[in-house]
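Participant: First to last, the protein sequences are chains A and B. Quick note on my numbering: the first sequence kicks off at 24 and runs consecutively. Quick note on my numbering: the second sequence kicks off at 24 and runs consecutively.
Just so you know, the hints here were simulated from the structure itself, not pulled from any lab data.
DMTMM-like mimics (lysine to aspartate or glutamate), calculated; alpha carbons at most 25 Å apart, straight line:
hint	chain 1	residue 1	chain 2	residue 2
1	A	K76	B	E68
2	B	K49	A	E122
3	A	K49	B	D117
4	A	K85	A	D105
Number of protein chains: 2
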Amino acid sequence: MTFSDYPSKLLGNAVNEFASLPGIGKKTAFRLVMHLLRQNESDVERFGESIIKLKKEIKYCKICFNISDNDICDICSDRSRDRSLICIVENIRDVIAIENTGQYRGLYHVLGGIISPMDGIGPSDLNIDQLEEKVKSGNIGEVIFALSTTMEGDTTNYYIYRRLVPYNIKITSLSRGVAIGDELEYTDEITLGRSIINRTPFDLQK
Amino acid sequence: MTFSDYPSKLLGNAVNEFASLPGIGKKTAFRLVMHLLRQNESDVERFGESIIKLKKEIKYCKICFNISDNDICDICSDRSRDRSLICIVENIRDVIAIENTGQYRGLYHVLGGIISPMDGIGPSDLNIDQLEEKVKSGNIGEVIFALSTTMEGDTTNYYIYRRLVPYNIKITSLSRGVAIGDELEYTDEITLGRSIINRTPFDLQK
Chain A
24 MTFSDYPSKL LGNAVNEFAS LPGIGKKTAF RLVMHLLRQN ESDVERFGES IIKLKKEIKY
84 CKICFNISDN DICDICSDRS RDRSLICIVE NIRDVIAIEN TGQYRGLYHV LGGIISPMDG
144 IGPSDLNIDQ LEEKVKSGNI GEVIFALSTT MEGDTTNYYI YRRLVPYNIK ITSLSRGVAI
204 GDELEYTDEI TLGRSIINRT PFDLQK
Chain B
24 MTFSDYPSKL LGNAVNEFAS LPGIGKKTAF RLVMHLLRQN ESDVERFGES IIKLKKEIKY
84 CKICFNISDN DICDICSDRS RDRSLICIVE NIRDVIAIEN TGQYRGLYHV LGGIISPMDG
144 IGPSDLNIDQ LEEKVKSGNI GEVIFALSTT MEGDTTNYYI YRRLVPYNIK ITSLSRGVAI
204 GDELEYTDEI TLGRSIINRT PFDLQK
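So here's chain A without its partners, still in its complex pose:
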């Protein structure tokens, strides 16, 4: 079945909008729209409005650039967190991932991307100046790099390292190694090699 023609323009528009989303083809889009048509008008309206509001009203935290409903996000305004510790991440997905571990009590700094000459993204496209300002203020004791372990991630780490090193703070990076539960024979050599070099004292508690 192809969907060259729809009996209604409204239907066709909605299908085309859904089909513009990544990973959603015309058939799936049609199925989703037919599902919506079977729902209550108020439910469908709430759906549409959640999308409009999302883009219109959402803000980015003025301190860490995390997504937020207010000018300052919940994490930055949480007085119980360690304000001398900043974790540098690429995007808000990474913030959510780290928050969900429940292991981190510092603040974040969302770069909004990583340096990628191939995609035309240079240091000035990222929130690096603002990071330097924070460190310059003298209230930061440690910065943790939590970018992806790609060439672009390493380049970005190195660039930021050079910018921050004059301020004489502690600069650390997430530990890399064999994932918990992974079998050694299926671990790639680079990860395995690094986990040997960065071996840690054996601890029964861990």
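Add chain B to chain A, keeping to what the hints say.
Facilitator: Chain B alone, transformed into the frame defined by chain A:
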């Protein structure tokens, strides 16, 4: 990664709405919402409005109950189509499927479901009275059954047949048989058996 907490309520709402769609989990919903956040505000607004308008403004054709932007759908208002021929289908998906074959030039009648006692759907829940009215008017020469070949479909066919038979019109059904391109050894026995009983004269042109 679980998504117990979102840094923004607006974000969480949009993710939950997408995750309410069939076949879309929380992870996919989050990915779609993040995609929308990267688009222009006008594009996202158009998306949301297409959904709201879809449900609010869409109409059902007063003649055939197909989905339509107007009171009478494009098919029913097309004067070049054979108005004495009605194809009975379960839903508008079937209308689209048959229209896309380009082989049918009559009108449709969308039942809005099939008789299914298990789901509590009886004849009075379907557009059957309206079909009988059309046939009663005397302008219909033939009615084609195009319901699915399930027990419910057969029951519905039989029920409608009994309602229409007094009006002395031609009542036909879609031909069933081995799909074009299908190999016999992979065709189920019921289809294959029916295709032997309903064999057609050999025609080099076909």
